[in-house]
Amino acid sequence: RKEVEQDPGPFNVPEGATVAFNCTYSNSASQSFFWYRQDCRKEPKLLMSVYSSGNEDGRFTAQLNRASQYISLLIRDSKLSDSATYLCVVNRNSGNTPLVFGKGTRLSVIA
Amino acid sequence: DTAVSQTPKYLVTQMGNDKSIKCEQNLGHDTMYWYKQDSKKFLKIMFSYNNKELIINETVPNRFSPKSPDKAHLNLHINSLELGDSAVYFCASSQIETGRYQETQYFGPGTRLLVL
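Residue numbers (this note's numbering), protein chains in the order written: chain A, 1 to 111; chain B, 1 to 116.
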């Protein structure tokens, strides 16, 4: 099983749609979880950290299910500018261990 | 102000050559990283330095040698370049607090290396 697995997409959605991405991770000891965003030919940038209780930042909601080792990202009211690749990121083990990046899910928001 | 910068942005070279990529961060972070993103867009860590000391080396060929002259700089030297080294190399930095979990990493713009 890969350390971090994501559906690669692409997800093609109309503006205003709600879209959800899922991610699973293999190591139950992982403690840090993030969603990063990477635009075409650009560097990854932090979108949001993911906390056990779930967290929301504007149109973006992240959820963590430790029992199922599953992370999700929900984007409401999609904008054209949301088009990007969304990377699920988990630390390899507990504490200050390397981040492991998923291959990313590509989102295209269409007018 | 650029937080994490890399030079060069593009690098085209012949097989067998030796090349270096430079990285600098002005965030005051104590930890820096090198990542490789291949043609399949898979981003993998190569090295990590904390306060100029190597703390992670992810079974990277010894043709790759990182050097950290101070905690704001982490350079990557590659000897005897091979076709398979073609990729985008990203530098990143973060601030690791003792006893805390992994913190946010800030990435540089990337260096696109093409080996012919």
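Treat each hint with caution, since some may be false.
[To be verified] Derived DMTMM-like pairs (lysine to aspartate or glutamate); straight-line CA-CA distance at most 25 Å:
#1 Lys67(B) <-> Glu24(B)
#2 Lys41(B) <-> Glu5(A)
#3 Lys45(A) <-> Glu82(B)
#4 Lys45(A) <-> Glu56(A)
#5 Lys42(A) <-> Glu53(B)
#6 Lys103(A) <-> Asp18(B)
[Unchecked claim] Here are some, though not all, of the chain B residues that point toward chain A, as calculated from beta-carbon distances under 10 Å:
#7 Val4
#8 Pro8
#9 Val12
#10 Lys19
#11 Lys41
#12 Phe42
#13 Leu43
#14 Glu58
#15 Phe64
#16 Lys67
#17 Ser68
#18 Asp70
#19 Gly84
#20 Tyr106
#21 Phe107
#22 Leu114
[What the hints assert, rightly or not] Interface residues of chain A toward chain B, partial, derived using beta-carbon atoms under 8 Å:
#23 Gly16
#24 Ala17
#25 Leu46
#26 Pro98
#27 Phe101
#28 Lys103
What the hints contain is simulated information worked out from the structure, not anything from laboratory work. The beta carbon of each residue, even a glycine, is placed where N, CA and C say it ideally should be.
Verification of the hints:
1. For the proposed pair Lys67(B) and Glu24(B), the alpha carbon gap of about 12 Å is at most 25 Å, so the pair holds.
2. For a cut-off of 25 Å, the pair hint linking Lys41(B) to Glu5(A) stands: about 14 Å separates their Cα positions.
3. Note on Lys45(A) and Glu82(B): the hinted pairing is violated, with a Cα-Cα distance of about 29 Å set against a maximum of 25 Å.
4. This hinted pair checks out: Lys45(A) and Glu56(A) have alpha carbons roughly 17 Å apart, not beyond 25 Å.
5. Between Lys42(A) and Glu53(B) the CA atoms are separated by roughly 28 Å; this puts the pair beyond 25 Å, and the hint is violated.
6. A C-alpha spacing of about 29 Å is found between Lys103(A) and Asp18(B), which places the hinted pair above 25 Å, so the restraint is violated.
7. Contact between Val4(B) and chain A, as hinted, is supported at the beta carbon level, the nearest pair being about 8 Å apart and thus within 10 Å.
8. About 15 Å separates the beta-carbon of Pro8(B) from the nearest beta-carbon of chain A, more than 10 Å, and the hint is not met.
9. This hint is violated: Val12(B) has a C-beta 16 Å from the nearest C-beta of chain A, more than the 10 Å allowed.
10. A least Cβ separation of about 20 Å between Lys19(B) and chain A goes past the 10 Å threshold, and the interface hint is therefore violated.
11. Annotation: interface hint on Lys41(B) holds; nearest CB of chain A at approximately 6 Å, less than 10 Å.
12. Because the beta carbon of Phe42(B) sits about 5 Å from the nearest beta carbon in chain A, less than 10 Å, this interface hint is met.
13. For Leu43(B), the suggested interface contact is upheld, since its CB lies about 4 Å from the closest CB of chain A, less than 10 Å.
14. For Glu58(B), the suggested interface contact is upheld, since its CB lies about 7 Å from the closest CB of chain A, less than 10 Å.
15. Hint status for Phe64(B) relative to chain A: violated, with the closest Cβ pair at about 16 Å, above 10 Å.
16. Interface restraint check for Lys67(B): the shortest CB-CB distance to chain A comes to about 20 Å, outside 10 Å, so the restraint is violated.
17. Look at Ser68(B): its Cβ only gets to about 17 Å from chain A, farther than 10 Å, so that hint breaks.
18. With a cut of 10 Å, the hint placing Asp70(B) at the interface with chain A is violated, because the nearest CB-to-CB distance is about 21 Å.
19. Violation of the interface hint for Gly84(B) is found here, the shortest Cβ-Cβ separation to chain A being roughly 18 Å, above the 10 Å cut-off.
20. Of the supplied interface hints, the one on Tyr106(B) holds, with its beta-carbon coming within about 8 Å of a beta-carbon of chain A, less than 10 Å.
21. The closest approach between the C-beta of Phe107(B) and any C-beta of chain A is roughly 4 Å, which is under the 10 Å cut-off, so the hint is satisfied.
22. Interface restraint check: Leu114(B) against chain A, minimum CB-CB distance 14 Å, threshold 10 Å, status violated.
23. A distance limit of 8 Å between C-beta atoms decides the matter here; for Gly16(A) the minimum to chain B is near 28 Å, and the interface restraint is violated.
24. Of the supplied interface hints, the one on Ala17(A) is violated, with its beta-carbon coming no nearer than about 24 Å to a beta-carbon of chain B, more than 8 Å.
25. With a least beta-carbon distance of about 5 Å to chain B, the hint placing Leu46(A) at the interface is held under the 8 Å criterion.
26. At its closest, the beta carbon of Pro98(A) sits 5 Å from a beta carbon of chain B; the interface hint therefore holds under the 8 Å criterion.
27. The interface hint given for Phe101(A) is met, as the beta carbon of that residue sits about 4 Å from the closest beta carbon of chain B, less than 8 Å.
28. The criterion of a C-beta within 8 Å of any C-beta in chain B is met by Lys103(A), whose closest approach is roughly 5 Å, and the hint holds.
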